[in-house]
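Trainee: Take a look at the letters that make up each chain.
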Amino acid sequence: MTSHVGRLYALALALLVFFLAWATFAARPWAGTAGASPQLRSLAAREQRLRRESIAVRRVVAQRWAVYRAQLRQRQALNAAAATAPAAAPPVRVVTLPPLTITRTS
Amino acid sequence: MIQRRTFPAMGTTVELLVDADEADAALDAAEGEFHRLEAALSRFRPESELSLLNRTGSVDPSPDLRRVVELALDGRQRTGGRFDPTVHDALVAAGYDRSFEQVPPDAPERSAGAACGGSVAVGERIELAPGVRVDLGGIGKGYAAERAAELLALAGPCLVNAGGDVAVRGGSWPVGVQTHDGTLSLELTAGGLATSGIDRRRWRRGGNELHHIVDPQTGVPAQTDLLRITVVAADLVEAEIWGKALLIAGACAAEAEAEVRRLPAVIVTRDGRTVLAGGLA
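Here the protein sequences come in this chain order: H and E.
Position one of the first sequence corresponds to residue 81 (the working numbering), numbered consecutively onward.
Position one of the second sequence corresponds to residue 239 (the working numbering), numbered consecutively onward.
Worth flagging that the hints you see were computed from the coordinates, not collected in a lab.
Each hint should be verified, as a subset may be incorrect.
[Unchecked claim] Quick list of simulated restraints, FRET-style, between CB atoms:
1. R131(H) - V498(E): 51 to 61 angstroms
2. A157(H) - A359(E): 17 to 27 angstroms
3. S134(H) - G517(E): 47 to 57 angstroms
[What the hints assert, rightly or not] Far from chain H by the CB rule (all over 10 angstroms, computed), these chain E residues:
4. V341
5. R439
6. A471
Computed from a predicted model, the values in this text were never measured in an experiment.
Don't be surprised by glycine CBs; every beta carbon is placed ideally from N, CA and C.
Bound conformation, chain H alone (with noise of 0.2 angstroms):
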């Protein structure tokens, strides 16, 4: 009975000694950066790139929208000084015709 016991927990302590081993050598510690292969090392470069460029762009739509914004404005306050400006004058041409009456200093 004794003996019995004692199997099972030699057993559960291999079965733990063996899960254990197999997660550390499935995490590979001894792998660093250094070690990466090229494609890796080439793969953490764009991405490196890539967040750059998304930054430049970023700026520059930034700054396009704060253009537009200015323009956008610059257009609403055009339109609204139209809507309020007086009516053109009307056509008006010079002939050869007599008056009908006659403007003076008023």
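Given chain H, put chain E in place with the hints provided.
Mentor: Same frame as chain H, but now just chain E:
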């Protein structure tokens, strides 16, 4: 058939022309409108609404007084102060203190001028700043001519000529403009035409020749190289405002501004030149 009626109002002779067979009712209504508005807007009538405003500095205005004051203040803003309804005291100081036919043509006293540009607030009431009084002479006449033209137009195409300030509704009307070389005919079909000048409404004070166009910047009659200017605009009030403003601006500035603002204008200078500007040819 063109029907014509003339009558005195607002210190001048008003002429109504309408192309219609039957227009007596419209002619009566248009004439009545002139007299009604003169009773409200004249600074020479002590009982007028404008005189009450100038006496008390505050009034609960009729729609007409409110509208004319608003138009005048808008004109002051848009002309940079060259048109200004607060020239009342400057006109009085110059000697134009009563209806023009009663102004003495010559008197010994000299004009000292008066400040212009005072505050006028238009809200529920019209409120004048202390010491500010308002003259609506020219613009009031233009407003009256426009209202009269609206009534007259019910009978047919028409023209209203209030002492040289012309409002037109439909039709085709040759209007004579005096130049150094004779009379130029301008054909109007709509809108308004006003002539401002220093060749009429003149008098002498202390040996100085004065006239009725006060420069609000100086508070005395304007020094200008223009004899008169005729301006065509979308309506007579607008033409009246710019006529005065361009007269005060002087010949060069008036020609340039008429071009920029597309205001057809006949500019007659004191040295004998006649210039067509603002697209007029």
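Trainee: Which numbered hints turn out to be false for this structure?
Mentor: Hints 5 and 6 contradicted; others consistent.
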